[in-house]
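Protein chains in written order, with the numbering used here: chain W, 1304 to 1803; chain Y, 965 to 2030.
Hint data in this document are derived by calculation from the structure and do not stem from the laboratory. One thing to keep in mind: the hints can contain errors.
[Stated by the list, open to error] Here are some of the chain Y residues that sit facing chain W, going by a computed Cβ distance under 10 Å:
hint, residue
1, G1073
2, K1536
3, Q1556
4, T1726
5, D1778
[Claimed, not checked] Derived DSS-like pairs: lysine-lysine, alpha-carbon spacing no greater than 27 Å straight-line:
hint, chain 1, residue 1, chain 2, residue 2
6, Y, K1277, W, K1621
7, Y, K1812, W, K1793
8, Y, K1247, W, K1613
All C-beta atoms, glycine included, are put in the ideal place defined by N, C-alpha and C.
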Amino acid sequence: MTMKKYLLTLGAAALVLTSCDLDINDDPNYPEGSTITADLVFPSVQNAIMATSCDIMFNYAGFFAQYFEQMPEANQFNEIANYSITESDQTIDRAYLQLYARALEDIEVVLEKVTNKADILAATAMRAFAFQLMVDNTSDAPYTEALQGSANPQPKWDDGKTVYLGIIDELTTALKAYQDAPDAMTMTDMMFDKNAGQWEGYANALLLRMYFRMYDAGLSEYKDKIVALVNENKFFKGDVKIDIFSDQTDNRSPFYASYYALGRTNHCAAYPIISYLVSTSDPRIDYCFSVNTKDGDYVGQIPGSKALSKTWNGGDWKNANVSWVNYTLFDGSGITRPAYLYTQANLQFLIAEAYLRFINNDAAAKAAYEAAIEADFDTKGIAGYDAFIAGPKVAWGGSNDAKLKLIYMQKWVALCYMDNMESWSEIRRTDVPVLSNKKGSAIFADATIYNAGELIEPAENGLEAGGLMKRMFYPKKARDLNKNTPAAKKGSDPVWWDIH
Amino acid sequence: MRKFLLTMTAVLCFGFAVAQNVQVTGIATAADDGSPMPAVAVAVQGTGRGTTTDLDGAYSISVPSNGTLVFSFMGYEDAVIPVNGRRVINVSLNPGSIEIDDVVITAMGIKRSEKALGYAATSINGDAISERRSSDIMSSIAGRVSGVQVASSSSDPGASQSVIIRGVSSLSGSNQPLYVIDGVPMNNTAHYSSDALNSGYDFGNGANAVNPDDVENMTILKGAAATALYGSRAANGVVMITTKSGKKGQGIGIEYNGGVQWSTILRLPQMQNDFGMGWYGDKTDDENGSWGPRFDGTKQIYGAIYNNSQKMKPYSPLEDNIKDFFDIGIRYNNSLSFNGATDKSDYFVSFSQISDDGMIPTDADSYDKYTFSVRGSHKVDKVTFSTALNYANQKNSFAQTGQGESSMYNAIMQTPRDISIIGLKDLNDPFNTPGYYYTPYGITNPYWVLENYKHEYSSERFYGKFQADYDILKNLKLTYRLGLDTEVSTTEHGAPNLLAMFGTGTYNGDNGASTFDGNEGSYSISSTRRMEINHDIMMTYNTKINDFNINALAGFNGNQRSAKAFGAGITKLTIPTWYNLSNTTSAPTVSQSESKRRLMGAYAQFEGSYKDIVFLTVSARNDWSSTLPKENRSFFYPGVTASFVFSDLLEDQEDWLSLGKVRASWGKTGNDASPYMTNATWAQAGGRGYWGEFNFPYTSAGYNAYTLGNVLGSTTLSPEMTTEYELGLNMAFFNNRLSFDVAYYNRNTDKQIYSLDMDYATGFSAQNINLGKVSNKGIEAMVSVSPVRTDDFEWTLTANYTKNWSKVESLPEDLGGEAIIYGLSGGAGMYAIVGEPVGTFKAQVPKKSPDGKIVVNSSTGLPVAEDDMQIVGDMNYDYTLGLSTTLRYKSVSLGADMDIRQGGLMYSRTKDITFFTGNAIQTAYNDRNDFIIPNSVNEVTDAEGNVTYVENQTAIGLTGYNSKIYDYWNGGGTEMEGGWLIDKSYVKLRSVVLSWDMPKRWFKNIFIKDVVMSAYGSNLFVWTPASNTFVDPEMSSFGNDLEGNYGEWSANPSSRHFGFNLKFKF
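Isolated chain W (complex conformation) (with noise of 0.2 Å):
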């Protein structure tokens, strides 16, 4: 062989081991754009708002309605027990994420590609709830120029008006298209299986208890849209709720997922639940806490008090003396509890204040009543709901302030540990149950003083303005990157809709 041919044949070997082709920049870790369909798109949104509503909103909201406190011995949430918590701790960037970059764009993409108006009715639906949501917990919110990409990388914040107003347009437009011509449910649906009706009826729920926010607010005109969605009665039947869990990496339902893996030690029973569930003898309380282990009792924790009540007590203040948060109800571990975004108790408790506000029909306001205390009681799975609706403290009865309060209390204990983060602004919107005006301190030295069930201002409190949390931050990724995002607020600012 000459030189030549060796260099040659060298040559011809190089060039079978690598090919000189350059267009390889598609990634091959993920399936062509060209293969996705909206059916593969939409258990994506639902995924990620579940994973928002359920879980992160879930945990700060419990102590904001007063379900949860921080167990003595442990520190994890300190900061949200006691209000101090600012837009630096990043509290609500996690949800921000979910929402927007996972479920809103998504929704995006559904909607491009769909045609069926059940189809979007449902997209819209999520869409809406998503928004609320944001708007609920930080009033103002990126709508009319989010979702844009590089196209806009700084979107404005819209007030939460705005916002509202926006997505129940939106909303009320997808109805009517599909109500005009209903179409079959085609893609993948977690939450209700493809049936459009149920999907017609959460529609109008968002909107029944966007309403109601909107009549808070002052906008008077929003009494006849309840009143005229209440008598058409199109609303979903059971809860809107994912269950979809099982014990698999990644499966778990959301609260043992988040909480439960970081040990069980974190979360106790708040004080005001406690003290209003043993009251009322409410059987639900097993639901949700465990006995304290050093005696045997329901005790819960004065808001904001883990610090504090070492001295209080004179002596001890620990893990054991305080009513645990059960973490393994439902099927004896909590995985596979469903994640509720909307439950029927819920759903009946609106029903009755408009019954008992707008259409003066008690007889109608105190059937939703009682079916949204039973509701919760089959949901929870816990038995004695006769006895319990027959409890002088929960019967139907007394002024009609006195049954709104009934039906706003009973509201605030059907929504623990099921939709907390519903629980919380429901809480703002009725001002019920209502802060007392004794201190933590006076309460924990003598109980008499309280009457159980009001909320209590926590014993160290971040807020300057002392109070409730009111609402949450602007998320830290928006003030980093969005020079529109407005300047930041105090927690004891209210949401636009909590003015009364």
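Knowing the structure of chain W, use the given hints to seat chain Y on it.
Just chain Y now, with coordinates in the frame of chain W:
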């Protein structure tokens, strides 16, 4: 013949005109083994004349009788010998230490006289690398080369080395140099944890596969003009390694190197010895800290109850508690090589083994490496075939770092000062198991952790080349080189099922805290296969026209890098500590990933010189990269360098000036993107809660889903461009007894390719874009002096100094002029901020009154934080200084290196956690009696909003209602969280090497040629500023690149090494 006569006449005439010429002959031998040295350059100083020695080391040259001969050979020190009328001059050349050698290997393996270089290049002899006996090639040069910052990110055996040349220029890409072994680029991927906070580990980087004993020479090319031919991957400099090849006439050609090395603890935090187990000033039975009462020596009951019994301890401090925990680590290494050569071929075969079990008890920190290399060349007619085949096999175990229960050091840092750590060693004692451990608060027995958790890495690596050089004409050569680098690696992580073992029926499982809930064990294994193929086809031409020397080359380079990885993981281990994928009741999660990139490049270089006095090089390269959008795929970058040896123009310079050279260069280097940054992706969907993850598929419900990826691809990405100019001066005096080399460089890296965070409201979390510009300006200087140089005794001193000014020149307006590099959620962050150095730290700091007093809250007595985090400093050293000295008396030599680094900040979680636990010596301040923060004021705002300051009267105390001393220290003291950023200055005694080259006459008549015994130590001492009582600042937890500068997150402590080594040559 006629030509010859003419030449002779000219020479004779010239000779008569100046001085009488004499014909000098002699033999050049190597001082280290006495062997004759062929190809030594013999030059008549001050003239362009010279010759080389033949195969027997012999030479003959005509030289003025009062002239001076200079003998030089790569890797050896020059011998400068005045003739003084002698006719025979035999010379013995000393192997060089780190010194600028006369011959430097430049890009593409081209050998050049040092004089010809218009840029900074440092060449290091292989012996200087191997004498430090480090297990990798880079750590032995730490502090010894100006402009090159080398740091071991961990002292755990086998961990990665960080090498940053001339500062950090890339904000998101790699800042590590390109390693080129025998002309072939090497995969230098570092294998470290992406979750250093919770589970830190570091299994080293790719270049660790090289056996230091195989290295003949290492050259570091720093500037853009020097590296341009290597293309875009060389933007951060090049470490070029030439391995040993077979040599003729050196005995049988067998060399053995073997030694043993011990390692011991170098640096531990200083702890207080006044207060013990407890919290808020009270005794407790189960706290993981020393906030208890003052020690009183009484017997105390503590911890869990087992079988109605509890442990007792004296309530007194155990001062050496932590030190006693660590063992003496031991390492054995052996390497053996054979080599030989004939006129037409040569071969070199080597085998090496390193087995290292570090100072952490058990073999949880261990490293085993085997390398096997075969190299050879054979010349057939006009073609030389050469090959290098290297195999490396390694296995690492790493004792996990970070904040979790599975971090041994985290547990130690949280141990009260009165609990004996070595008392925890017996794992058969129930009190020493997690079930009955004295505290349930997030830590457990460090011995138990080391025994039961697993972090293991193993890899098999094959790399090498095939090369053919074809001498088409005398001056024209064609080279083809095929390089291949493949690696198959496996990573395993295992955590035991604590719930199954201790969840019920134990004290900690049943009582109180439910420590083990959700802690059901996990095991994952992943396997990665990487492959890199590199082709180079290159034509070189050189010629001499009168006084002009011309070298030209042109070539083509094709490179493909690909990787494929598969992984599987399980949770809920059925058998609690058995790590196998089948050991579970739930389905395993599986994952796969792959990537591939290609780069094509064409390059050319022209070098011209006049009379070896003026040198000019022009180079250019064009790359085509697969990772960039089609329109921007092709990018071009040129470079030009010049040098002028002015000393050759001066008359009589040989008396005092040996060399004087100025140099200048300008060059560009482009850098492409990572693969797949241009397009949108569709990922399998998942959600993230506060802590938990919700990922498709939901196997039991039967759902799968996809989501639009959160990182927005860019179809307009263009290459990152580095432009650099450099000016340098080197001079040598008095026969090279004194020399210096200074350089100034200015490097700008523009259009950084960055995955830039976006407000989530855009629908995305980041977008890939080109942004911003970073500059690094610096001075590098090296001074070398030999105060004493006689035949028997020699003393040399070398200092190298580097000062780098890093600056972020621009970032998009939209970002408010800053981008985060790494930060803790809500805590201190490392940023790029316009106008500031790269890696500027922002952290929580206390509010101060206008006259600088700390504002404290009047009700708590604790400092009040500024609303926003403030700049507290940056990660960069103000300067680094390396000092080396060598003393040689006959065949005994003693060398030492000092590494001095001044300035810069790093995060120390070791400080944070020892403040939290009240173990740090600072927390015993004021004997923990109530105190008012010195010089503190309260802020008073009146009704009009006017702010005034009044002297603070609120004291903080340890006990009772006002238990704020703990809060004070846990919050970082008066510096608040900014206090976790500590001064990372240090002075280290890097190495001391004592070696004795045994006199050859002792074994003159046996087959042994040479025996060298050495004793050495490395990292022997470290001195830090008084404020750093916590860590060895070299430790880092965040990998070996830019993020690694963030600091340490309960990194394992550093170690010192010392050992003995024996080298035999046969």
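Hint check results:
1. Evaluation of the Y/G1073 hint against chain W yields a violated restraint, the C-beta minimum of about 19 Å exceeding 10 Å.
2. A least Cβ separation of about 8 Å between Y/K1536 and chain W falls short of the 10 Å threshold, and the interface hint therefore holds.
3. For Y/Q1556, the shortest C-beta to C-beta distance to chain W is roughly 7 Å, which falls under 10 Å, so the interface hint holds.
4. Nearest Cβ of chain W to the Cβ of Y/T1726: about 6 Å, under the 10 Å cut. The hint holds.
5. Annotation: interface hint on Y/D1778 holds; nearest CB of chain W at approximately 6 Å, less than 10 Å.
6. Pair hint Y/K1277 plus W/K1621 holds up; C-alpha atoms about 24 Å apart against a cutoff of 27 Å.
7. Among the hinted pairs, Y/K1812 with W/K1793 is consistent with the structure: their alpha-carbon atoms are about 23 Å apart, no more than 27 Å.
8. Between Y/K1247 and W/K1613 the CA atoms are separated by roughly 15 Å; this keeps the pair inside 27 Å, and the hint holds.
Checked against the numbered hints listed earlier, the structure breaks hint 1 alone; every other hint is satisfied.
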